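K.L.:
Just need the whole structure built from these sequences, with the hints factored in.
What follows is each chain in one-letter form.
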Amino acid sequence: MNDAHERATDRSDPLVQGERLDLASIRARLERERGEGFWRSLDEIAETHEFQEFMRKEFPRQAAPLESSLDRRAFLKLLGASMALAGLAACARPPAPREQIVPYVRQPEEITPGKPLFFATAVVEGGYAEGVLAESHQGRPTRVEGNPDHPASLGAIAPTVSATVLSLYDPDRSQSVLERGSARTWEQYVAALREALEASSDGSGVRLLTETITSPTVGQQLRRLLEAYPNARWHQWDPLRSDAPLAGARSAYGEDLVPVYDLGAADVVLSLDADFTNRGPGRLRYARDFARRRRVRSAEDDMNRLWQVESTPSPTGSLADHRLPLAPADIAALAGYLATEFGVAGAPSTGLPERVPEAWAEALIDDLREHAGRSLVIAGLDQTPAVHALAYALNEALGNAGETVRFVASPEAAPTVQADDLADLSAAMQAGDVHTLMIIGANPAYTAPAALRFDEAMALVERSFHLGQGFDETAALATWHAPQAHVLETWGDARAFDGTVTLTQPLFSPFYGGRSELELFAALLGEARTNPYDVIRDAWRARVEGDFDAFWQRTLYRGVVDDSASSERSPTLQPLSGLELPPDAELVLHVVPDPSLADGRHANNGWLQELPRPFTKLTWDNAAILAPATAQALGVSKEDRLAITTTEGEVTLPVWVQPGQAPGVISAWLGYGRRAAGRVGTGVGVDLAPVRSLAGPVTRVSGATRARGRHRLATTQPHHNLDGTGERRHIVRAGTLAELRAEPDYPTFVHPVAHHESDIFPDWPYDSYQWGMVIDMTVCTGCNACVTACQSENNIPIVGKDQVLVGREMHWIRVDTYHHGGLDDPAFYHMPMACQHCEKAPCEPVCPVAATVHDSEGLNVMVYNRCVGTRYCANNCPYKVRRFNYLQYAELSTNASELSLANNPEVTVRSRGVMEKCTYCTQRINAARIQAGNEGRRIRDGEVVTACQSACPTEAIVFGDLADERSSVSQAKRSVLDFALLEELNTVPRTTYLARVSNPHPALDPNGGA
Amino acid sequence: MAVTTGSRVVETTRVLGPGQTPTVLDDTVNTPVLSGRTPAWWWAGFSISALLLGLYLLSVVHLITSGVGIFGNNQPVAWAMPIINFVWWIGIGHAGTLISAALLIFRQPWRTSINRFAEAMTIFAVVCAGLYPILHLGRPWVFYWLMPYPNTFGMFPQFRSPLTWDVFAITAYATVSVVFWYIGLIPDLATLRDSAKSRFQKLLYGSLALGWNGSARAWTRYMRAYLLLAALSFPLVLSVHSTIAMDFAVSQLPGWNNTIMPPYFVAGAVFAGFAMVLILAIPLRRAFHLRNVITVRHLDNAAKLLLGTGLIVVYGYGIEIFMAWYSGVEFEVYMAYNRVLGADHWWAFWLLILCNFVAIQPLWFRSVRQNPLALFVISVFVSIGMWLERFVIVVVSLTKDFLPSAWFNYTPTFWDWALYAGSFGLFGTLFFLFLRLLPAVATTEMKELAHHDAHHGSDYYERIRREYYGEEAEA
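From first to last, the protein sequence lines stand for chains A and B. In terms of my numbering, the first sequence has 20 at position 37, counting the first letter as 1, and numbering is strictly consecutive. In my numbering, each residue's number is its place in the second sequence (first place is 1) plus 18.
Hints were generated in silico from the structure; no laboratory data involved. Certain hints may be false.
Said to hold, decoys possible - Label pairs and their computed distance ranges (CB to CB):
no., chain 1, residue 1, chain 2, residue 2, range
1, B, 365, A, 434, 23 to 33 Å
2, A, 745, B, 173, 16 to 26 Å
3, A, 735, B, 173, 42 to 52 Å
4, B, 178, A, 847, 44 to 54 Å
5, B, 167, A, 665, 19 to 29 Å
6, A, 728, B, 431, 49 to 59 Å
7, A, 491, B, 365, 34 to 44 Å
8, A, 846, B, 340, 38 to 48 Å
Said to hold, decoys possible - As a list, the in silico SDA-like pairs of lysine to any residue whose alpha-carbon atoms are at most 25 Å apart:
no., chain 1, residue 1, chain 2, residue 2
9, A, 784, B, 425
10, A, 823, B, 347
11, A, 784, B, 432
12, A, 784, B, 81
13, A, 621, A, 635
These figures come from a predicted structure and were not determined experimentally. Glycine included, each C-beta is placed from N, C-alpha and C at the ideal position.
P.N.:
Here you go:
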C-alpha cells in the first residue's frame, strides 16, 4: 500500500485531469491537502463532484442506498463506506518502529494462518486493571478473555471488558488532532501544549485533569511534571470510582488504605449495599472466591451465608440468603446499629431502622457473632464514608481484620477524594485562575454534575487540551483535541485492585492514529524517547533489578509483574468520631453507573447498549426504577414519564417498576443522554447530570410527578413473575441446604414432578465424545458476562431498539431472571438460557430441509447454508432459544464497516433469512479436536471451554465430555441437584441445571432450618 | 309460477328454475362471455382487484428486497399473519373440490350450477394460499429445496417434517383441482368455440377445447374421466387440510399439539369454503342474471352445510378447552386460559365465538337460509371468524408457551395487512378474468339437468323433500 501511495503522489493529480480515480490518488490528495488528521471532515471532500463520482463507481451500494427502513443500521453501513476510505490513509502511515510483543502461549516459529495468538495484557476500567488475554488473528485483535494468571480476573471477564474489542474498532472514535475544528498534527498539539506550559514557567494557572491513575509509570511522569511545574495542579475525576472506601479509611485509620477482601475465608458475609461481585475493581475475583464457598453439589458440601441489604436489586444481592430492600438512610442506620451492638466506640446510632424486622437483626447479630473472625462486613460503593468506616470498625470488632479483610496502600498513584478534586478544579476555572487545562481521558463536560457548570468554566480557560478516544462533549469544548490510543493499541501499565501491576501490550499499532498519554507526558517532560514502548521499558528498567530482558519476557508472557501486589498493612483503628448518618428522607434518587455503559464511556458500543441489564432486561434506555409501592404512591406505572426534582435540578425519566427495589428510592442509571458519543450512543436515554450531586450518589427528591406522555422501553423479558402458572411450571427448582440435607439422595425440590420417558424415535448411537453442559443456579449472579462473551465469540449482531421492541434481539444466550414471592421483597433466580442441545430435539424433525440436525457428538447443529427460514424449528423449541435473522442484521462483506474487524474469523457471519442459535462453541471443539488429533490423543477434560463458560466469574457453567465419566461436567451431572428444564417434554436436553440452594439462618428459615 | 317477468326475477327453491332450455342456458351463461361489451360492474370490480394486486406486488418486492422482517413476526411468534392467511385461503379452497367431487359422487344434482365457479375459486384460493409459505420463508429464492429433486448437494427434503408433507399435499391438490376444472370445462369451451365470433375468441376457445367433437365416444370417455378424477380428488378434500393441521398437531406447542386438529381443520375448511362460495355466489347470480340457475335451493343447501360444519368447528373449540383441562398439564391449562381469558388476546377468542357460533345460529330457520342478503352477511361473519380462529391458534398459542421469560406479544405491521389485502387483489383479478373469459356455470351439466327436468320429471330429491314438508308442487 505504501508503494502505491508513493507512486500516486508522484503522478500529477488525476482529480484535476478528470481521469478515473484510484484509491491511492484519493489518499494522495488527502495527504497533500490536509495531512493525516483530516478524516473527521471527510464529508467536506465528499461534496466535491469528483469524489461523488468516485463513490458512485466504486461503492454503488453506498451512493444510492436502496431503502431506509433500518435507520440506525443503514446509517452505520453508510458510515462503513466513508470510513473504509478513511482507513486507507491508515494503511499508508509510515511504518511503525520495530517493537516486540510477547505472546501468551508458546510462539510458533511464524504465525500459522488460521491459528490465533493470545497476548496477556489488561483492560483498564475506572483506572484499575483487569487482566485479559487478547486474541489476535494474523495481527487483528478480535476478542478478549480473562487472564487466569491475573488476580483480578482469574480467567473471568466482565461484559464491559469483553465488549472492548467493538469499541476498539468503533469508526466513531476520534481520528485526528484538531484545534478548534481545524486539522493539526500531533507535533503541533505537543508544541502548543509545551508553549502553554512554558508561558508560566512555574506552572501556575496550569491544571491537569485525568481519570483515576494507577499506572506506576504515568504516576511517575506526573510527579516529575509537577516537580518541573510546581504550581501546576493535578486533579482526578472518574465517576466509576467511589470516594467512600478511601474517605472511610481516612477517618477510620487515618491512612490512604483500601480494603482487600478474602471471600474465600468468610463463612458469613454482610453486605451493606455492596454489589461486590459486580462493581468495583476486585469484582471478578470476589465473585470467584465467593462462589467457591457457595457451590453445593451434595448434602455433604458446606456453603457460606450472605446477608444483603440494598436499595436496588443487584447481581450479588440476588444470591443472598437473606435480602432486605432498604433505603440508603436505613442501610446507614443499620450499620450504626450493628456497630453499637458490637461495641464500636463512637458509632452513631439511631436504633434499629423500622424496616428491619427485629428477628432478622437478631439472627444477623447472632450469625456474625458466632462466626467472628470468619465473617465479613462489606460496605457498598454508593454508601457514605461513614458507613465504610463503620464497616471497617465492625470487621475489627468481629476480629475479621487480617482474616477476611486486609488493608493495602491504595494502588492509585495519587489517591484523592475526587469529588472535592473536581470541585476545586471547577472553582479555580470559574475564578479565572486557570489558563491552561489538560484533560486526559476524562469527559467532565458530560460526567460532571450540571450544577458545577463545568462546560461554562471551560469557556473561561484560555487554552484547553483534550486527549480522548472520542470527539466527545469535552473535546467539543476544548481548544485542542487529540485522539487517544485504546488500551489494546499501546504500551502501558496499570495496577489491579490489590496493587498487582500488568504491563499492557499493544496488539497492533493505533488503528485510528491515537496517541498514548505516556507519549504526551514524555514529550512534555522533554524526554528524547517519547515512544510508549521506550517510555515503559525505560521506566521498568529503572525499577527492576537483575536481568531486564528476562523480566520483560516473563512479565509480558504472564500478564502480571511478579510480586507487585501492594504489601499488607496492619493499621490501627482510630476511635470513630464525627460520623454522621444520612438523614431519613421520604424519597431519594440513587444514581448508579449503568451496568453496561458505566458512566457513559461505553455508550457508543452497540453490544453494551443492547445488553439486557440485569433484572430489568432493559436495553437502549435508562429509567427511573421504582418499587411497586413507590410507583403506586406516585400514581405512575411502567413507561409513564416521571419528572423528578432534587435539590440540584430536574430530570424526566421513563418509569420502570422493579420488584425488590427499596420503597422510597428511585434508582437511575448514569451514562445516557450523551450529546456526542457517536452514532450509536448519542441521544440514547436521559442525561442525569442535572440531578447529580458531588456530595454522593444519593440525593433527596423534593418532587416527583407524572409528566405528559409515555416512553416505550425495550425490554427482552417482559414476564418475570413465577407466581401462579409460573410456579406450577417448575422452571426454577430451589431449596435450602437444610432441605437438601433432609433428603440427601433425592431432594423433592429438585424433582417436584415425576416424568416418564418415551419416544417414538430411536436413541442416537455414539462412539465418540458427547458434549454437555451444567449450569449452577446457586452461583449464577445474572451479571451478563456470558452474554457479551458469546456475542463477541460468535459474531452476534445487534439489532437496535426498534427491533428489540418487536422482540427480535439476537443473543444466543440470555439470562432469564425470575422472581418469586411477592412484589416488595421477592427472591430472584437467574437461569442462563441457550440452546439446550436436546438429545430428542424438537427442532430437528420439523425442519423440512434438514438444516438443523444432530451430530455424531450430540450437538444440535445449525447448517446456515441449508436453512431456508421456515422458522418451524423456533416454534417447536420449548426453550425459545433460536434466533432468526428477520432482516440483514450482520454487516455484509460488501459494505462492512470497521466494526466487522472485530468478527471472529472462525464463525460464519449469518445473512438474513436464516435461523441461528448456540453451537456450544463448535469452533472451539473443532480447534481442540485438531490439536488432539495432531497429538494422537483424545481431547482432555477442560480443553474445550465455551465462551460463556470462560467468562463466568462464578464458574457457574461447566462444559465437557459426558462420555468421560471423570470429566468435571460428568461429575456435576451426577449431583443430586441436577435437573433438566421441562424434562416432562422428553426433549432430554444436554444442558442441565443444578437447583438453586440457599442457606438461610435457622432462626429465619420458614421450614425450621437444619 | 313464472320466473321471469321482464327483468323481474322471482326466486325459486327448485334446483333449476323452470323454462331452462339449452338455448336459454347458453344465452344466460355463454352470451355475456362472448359478448363484445363488458359490463360496468366488471370493470369496477376488476379495477379494484388490479389495484390491490398492485399492492400485493409492491409488498412482495419490498419483502424480497428487505426480508421477512417487514412483517411483525418475532421471537417467539415466528409464524404469524402470513401463516394465518395461508391456512385461511387454503380453507376457502376446500369448497370447490368438495362441491365438484364429493357432491358428484354423492349424486347431489344441485351442485351443477355452482361447481364451476366454486372450482375456480378453489384454484385461485390455492394460488393465494400457496404463495404465502414461499413468501414467508427467510430465503424465498430457495423454496425449491423443499421439493425432492436430484441435486448436487445429495440432499432430499426431510420427510419427517410436516412442512414437507405440506408441499406434497398442496401441489397435489392444486394439480388435481386444475385438471379436474379444466376437464370439466372442455365441452363448454367447445360450445364457446362453436359460437365464437372474434378471431381472439376462436383462437382461445379453439385451442383450449382440444378438438372436442361431441361424439358419443368422446362423451363416454369424458364422463368416465370426470368421474374418476372426482374419485381421485375426493380424498384430497380430507387430506390437504389434515396435512396442514399436522403442521400444528405434530409440534409440541400447547394449543397446536392436539390430535383433534385434522378433522377439526377439515370441518373448518368446508365451513370457510362454503361461506366464501356464498359470498361469491350471491352477487354473482344477481350480476349474471343467474337466479334461475343458482337458485335459492342452492343457497339453502349451502347454508345447511355451513351450519353443520360450523357446529363441528365449535365442538372442536369446546374439546380443545376440555382436553386442556382434562390433561392436567399446566402448559395446556394455561394455554386454554390465555385463549379465553388472557389479558392480551381474549377479544380474539370471543369475537371468534361471535362469528363462528353465534352468527350461524339463525341458519336453523329456513327463512334465513333462503334470504340471500342474510346469508351474505352471515358468510362474511364466518369468513372473519375463520380468520380469527387461525389467529387464535397460530399467534395466541405462540405468544405464551413454556417459559414465561420468552413470552412476547405480536403486533402486525402495515406490510402484514398490505400482503393480505393484496392477496384479495390477486384472487379478485383472477376471478374477474375468469368471469369475463370462461363460463361461470357448467352449461353442459346444466343442459343435462334441464333435459332430465323436462323429460323425466327429474329432481327426485326435490319431490321427496316436497312430500316430506307437505308442500304443493311448483308449476
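K.L.:
Give a verdict on every hint.
P.N.:
Verification of the hints:
no., hint, result
1, 365(B) x 434(A): 23 to 33 Å, "51 Å, violated"
2, 745(A) x 173(B): 16 to 26 Å, "22 Å, holds"
3, 735(A) x 173(B): 42 to 52 Å, "43 Å, holds"
4, 178(B) x 847(A): 44 to 54 Å, "21 Å, violated"
5, 167(B) x 665(A): 19 to 29 Å, "52 Å, violated"
6, 728(A) x 431(B): 49 to 59 Å, "54 Å, holds"
7, 491(A) x 365(B): 34 to 44 Å, "59 Å, violated"
8, 846(A) x 340(B): 38 to 48 Å, "41 Å, holds"
9, 784(A) x 425(B), "18 Å, holds"
10, 823(A) x 347(B), "20 Å, holds"
11, 784(A) x 432(B), "19 Å, holds"
12, 784(A) x 81(B), "21 Å, holds"
13, 621(A) x 635(A), "14 Å, holds"
Checked against the numbered hints above, the structure breaks hints 1, 4, 5, 7 and satisfies the rest.
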